[in-house]
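Model the placement of chain B on the given structure of chain A, informed by the hints.
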Amino acid sequence: QQQVKQSPQSLIVQKGGIPIINCAYENTAFDYFPWYQQFPGKGPALLIAIRPDVSEKKEGRFTISFNKSAKQFSLHIMDSQPGDSATYFCAAAYSGAGSYQLTFGKGTKLSVIP
Amino acid sequence: GAGVSQSPRYKVAKRGQDVALRCDPISGHVSLFWYQQALGQGPEFLTYFQNEAQLDKSGLPSDRFFAERPEGSVSTLKIQRTQQEDSAVYLCASSLLGEDTEAFFGQGTRLTVV
Numbered sequence: 103q104q105q106v107k108q109s110p111q112s113l114i115v116q117k118g119g120i121p122i123i124n125c126a127y128e129n130t131a132f133d134y135f136p137w138y139q140q141f142p143g144k145g146p147a148l149l150i151a152i153r154p155d156v157s158e159k160k161e162g163r164f165t166i167s168f169n170k171s172a173k174q175f176s177l178h179i180m181d182s183q184p185g186d187s188a189t190y191f192c193a194a195a196y197s198g199a200g201s202y203q204l205t206f207g208k209g210t211k212l213s214v215i216p
Numbered sequence: 027g028a029g030v031s032q033s034p035r036y037k038v039a040k041r042g043q044d045v046a047l048r049c050d051p052i053s054g055h056v057s058l059f060w061y062q063q064a065l066g067q068g069p070e071f072l073t074y075f076q077n078e079a080q081l082d083k084s085g086l087p088s089d090r091f092f093a094e095r096p097e098g099s100v101s102t103l104k105i106q107r108t109q110q111e112d113s114a115v116y117l118c119a120s121s122l123l124g125e126d127t128e129a130f131f132g133q134g135t136r137l138t139v140v
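Chains as they are written, first to last, in my numbering: chain A, 103 to 216; chain B, 27 to 140.
So here's chain A without its partners, still in its complex pose:
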């Protein structure tokens, strides 16, 4: 059972566009929702994270929108640049486990065309 479903699998946008990546989760115990960026040959790096007590969080060009009732959250990248081309993973965790073990989506490969 896939606990975090991510879409689309791949995405191509032109420079300056606003790619949107969506995730849906099933476990209502999740209370921490980070997004990670991964370049080829590198480990994932945290971009931005949100908790369910807020509906939106913005950091620089990255915005998370969170809909608790729908159990969905999304990542928007404003003014996308070719350097943003990477694979993006949403994830979820719950503090009750004590470990913040992350459950990842399958990833979205983003290509930003100059």
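Calculated from the structure, these hints are not laboratory results.
You can take every hint at face value.
Cut-off 30 angstroms, straight-line C-alpha distance, at most; resulting in silico cross-link-like pairs (DSS-like, lysine-lysine):
hint, chain 1, residue 1, chain 2, residue 2
1, A, 208, A, 117
2, A, 211, B, 37
3, A, 173, B, 83
4, B, 40, A, 144
5, A, 208, B, 83
6, A, 144, A, 159
7, A, 208, B, 37
8, B, 104, A, 208
9, A, 144, B, 83
10, A, 107, A, 159
11, A, 208, B, 40
12, B, 83, A, 107
13, B, 40, B, 104
14, B, 37, A, 144
Same frame as chain A, now just chain B:
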């Protein structure tokens, strides 16, 4: 070092061989995680340590997988009698303990079983 360091970066093993993968977490990080990332997939949780205690090993796929962190710093993931399905990137992450703490990932060890 400044980040999480993993070695070796690449490992080729013959089927049936035992392998050991090393993780040097960020100094002072209490929590340490191992994840397995298959090609084109998101990382999947394997096991979690808090200092030297292995508090969660629910993600280890079989009893051929064993992890340790004897002094609460460096960790080793050992895979016995490797199989082709063990081929993946093995990621280590470390973090401080508590809420809102970022998990920092290493670059991973790419294991290929031939």
